[in-house]
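Chemist: Here's the letter readout for the chains.
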Amino acid sequence: MRRGTREYSAWSFAMLLVLLFSLLPIVWIISLSLKTPKTVGDGRFLPAGGEWTLKNYKVLFEGGFDNSPFIHPLINSIAIALIATAIAIVLAAFAAYAIARLNFPGKSIILGGALAIAMFPAISTIGPLFDMWRSIGLYDTYLGLIIPYLTFSLPLAIYTLVAFYREIPWDLEQAAQVDGATPFQAFRRVILPLAAPGTFTAAILVFIFCWNDFLFAITLTSSNNARTVPAALAFFTGESQFTQPTGNIAAAAVIVTIPIIIFVLFFQRRIVAGLTAGAVKG
Amino acid sequence: MAGRLRLGGRRGVTDRAREERRLGWMLCAPAVIAMLLVTAYPIGYAVVLSLQHIDLRFPDQGGWVGLSNYQTVLSSPLWWTDVLNTVIITIISVTIELALGMALALIMHRAIFGRGLVRTSVLIPYGIVTVVAAFAWFFAFDPSSGFVNQLPLIADDKAWFGDRWSAIGVIIAAEVWKTTPFMALLLLAGLTTIDDGLYEAAKVDGANAVQRFFRITLPLMKPAILVALLFRTLDAFRIFDTIFIMTRGAQNTESVSILGYNQIISRTNLGLGSAVSVLIFIMVLLIAFAFVRLLGVRMAEGRPGT
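Residue numbers (the numbering used here), protein chains in the order written: chain L, 5 to 286; chain F, 356 to 661.
No lab work stands behind these hints, which were simulated from the structure alone. These numbers were taken from a predicted model, which means no experiment stands behind them. Each hint should be verified, as a subset may be incorrect.
With a straight-line Cα cutoff of 25 angstroms, these simulated SDA-like cross-link-like pairs (lysine to any residue) come out [said to hold, decoys possible]:
1) K59(L) - F502(F)
2) K558(F) - F468(F)
3) K513(F) - V31(L)
4) K513(F) - L28(L)
5) K59(L) - F239(L)
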């Protein structure tokens with residue numbers, strides 16, 4: 005009995021440490037985003053005397069669509085990440101289906117090549133891309149970012165999907181057809197429900213990947229045409245040259261973290277499964 | 356898997372098998388092309404650029420210069436400072452990540468309650484934008500907005516980013532925070548493959564917890580650990596975002612990636628910048644090769660994560 009309680013409190017302590025470790029910087033940036041210029045330097049997690057403000061958030065959206073420093077990058081970030089994710093998942097699903105289900109030579113070369121691309125240093129491509137994109141007009145466009153995001157997220161998508169698709173009992177498709185279902189019905193009623201969760205998980209991982217990119221976003225864009233939030237954050241300036249943009253950066257940082265927190269809260273199990281699926285087979 | 360792949364060579368390939376082959380290739384082709392588009396061609400182009408004098412500020416002065424760009428880079432003290440910084444950051448952060456990641460993985464694996472809560476909170480650093488993480492840590496340490504200097508034992512006016520080593524320390528801390536969860540998840544995947552019966556048997560034989568960890572857990576997890584180390588090492592070696600946000604390379608804190616960026620984008624010196632890019636590519640190849648050859652990483656067990 006005593007051992008039970010001791011174990012219980014040891015676990016509680018370990019969990020507390022983990023929570024502190026992973027959440028403290030987030031709490032700090034949220035706290036900064038709510039501070040006024042006067043209290044931003046006080047080093048407190050909870051502002052003294054209840055001096056909260058939402059002004060840092062309001063400033064981001066001031067000036068409407070044309071003049072706000074944040075609306076354009078936010079729309080760019082969302083659109084580019086969504087489009088890149090959609091294309092990557094379609095391409096990866098084709099490839100993963102073939103790899104998981106069909107017999108053809110070259111399969112292991114494709115998987116090995118994908119792994120090599122995952123290790124490829126993106127920095128080595130920015131010079132050529134910068135030069136090529138400027139000469140063919142892709143510089144500072146959505147497509148100019150979507151293409152590298154596709155390339156570098158496909159390995160992640162293919163590996164995750166192959167791991168999931170290998171678990172699907174594909175024979176059910178034939179069984180359904182024997183039972184009188186048309187091929188389309190068999191696909192829609194049997195295979196789709198089995199493949200959808202894994203595919204959705206891969207999509208979350210790819211979205212997080214694209215949402216996170218900074219290197220391509222600062223090298224291949226020069227204006228609000230295609231600049232995404234991470235790049236915009238690096239170039240934020242204060243309202244006047246005498247004010248530090250700390251509060252505004254913190255507020256923008258909190259906003260781009262919201263989708264991540266939503267994914268993590270709702271799909272924690274799936275993300276963990278996606279990241280560990282097929283990672284190491286003993 | 357390898358057994359199923361083989362289709363018995365040329366002999367006895369039925370129409371159906373040929374059809375399946377063609378379908379397999381056709382389904383994979385778009386993904387393969389998309390993956391090569393921004394890697395194979397650009398790296399070849401980078402090699403071509405690195406052999407020329409190309410400075411976008413002086414477009415008329417182009418021309419082939421052989422290996423002189425490489426000579427310039429390799430004989431510059433800045434390059435070697437940056438290589439040293441990158442190596443130091445990589446080694447220290449990956450070592451800490453391995454230790455912390457293992458602890459986290461054990462906590463997640465053996466949690467007696469609150470497993471979901473722990474996993475959820477650990478995924479937040481994994482998912483968060485690196486630039487945001489860098490700002491969070493920067494603002495925590497920066498004397499004008501931070502709380503770190505108010506902690507006991509730390510001087511109120513310590514300028515963390517005014518000194519090379521303290522700045523590198525904060526950069527490493529931010530990297531460790533952001534990437535330890537991924538390391539932990541890879542290790543967790545390895546942990547779950549270990550048969551619990553082994554621990555029971557060891558317990559019966561009188562092995563204590565420490566012995567069980569070093570005699571059972573570690574040896575059985577060696578493949579998982581090596582793969583995780585390889586991926587994290589290469590990832591850490593490419594460090595860019597965190598340094599760009601925190602110091603932009605000031606106080607001698609540049610990494611090789613920052614140097615490449617500065618040459619190509621800030622100084623628009625494509626020739627010199629491409630030489631840096633190609634050198635980084637070669638170093639990454641060497642690291643991967645060393646892991647595979649010296650440590651015997653079986654790449655088939657790896658998978659990309661970030």
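Chemist: Next step is simple, just say for each hint if it's right about the structure.
Modeler: Status of the hints after comparison with the structure:
1. This hinted pair checks out: K59(L) and F502(F) have alpha carbons roughly 22 angstroms apart, not beyond 25 angstroms.
2. This hinted pair checks out: K558(F) and F468(F) have alpha carbons roughly 23 angstroms apart, not beyond 25 angstroms.
3. This hinted pair checks out: K513(F) and V31(L) have alpha carbons roughly 23 angstroms apart, not beyond 25 angstroms.
4. Between the alpha carbons of K513(F) and L28(L) the distance comes to roughly 21 angstroms, so the proposed pair stays at or under 25 angstroms and holds.
5. For the given pair, K59(L) sits about 20 angstroms from F239(L) by alpha-carbon distance, which is consistent with the 25 angstroms threshold.
Checked against the numbered hints above, the structure breaks none of them.
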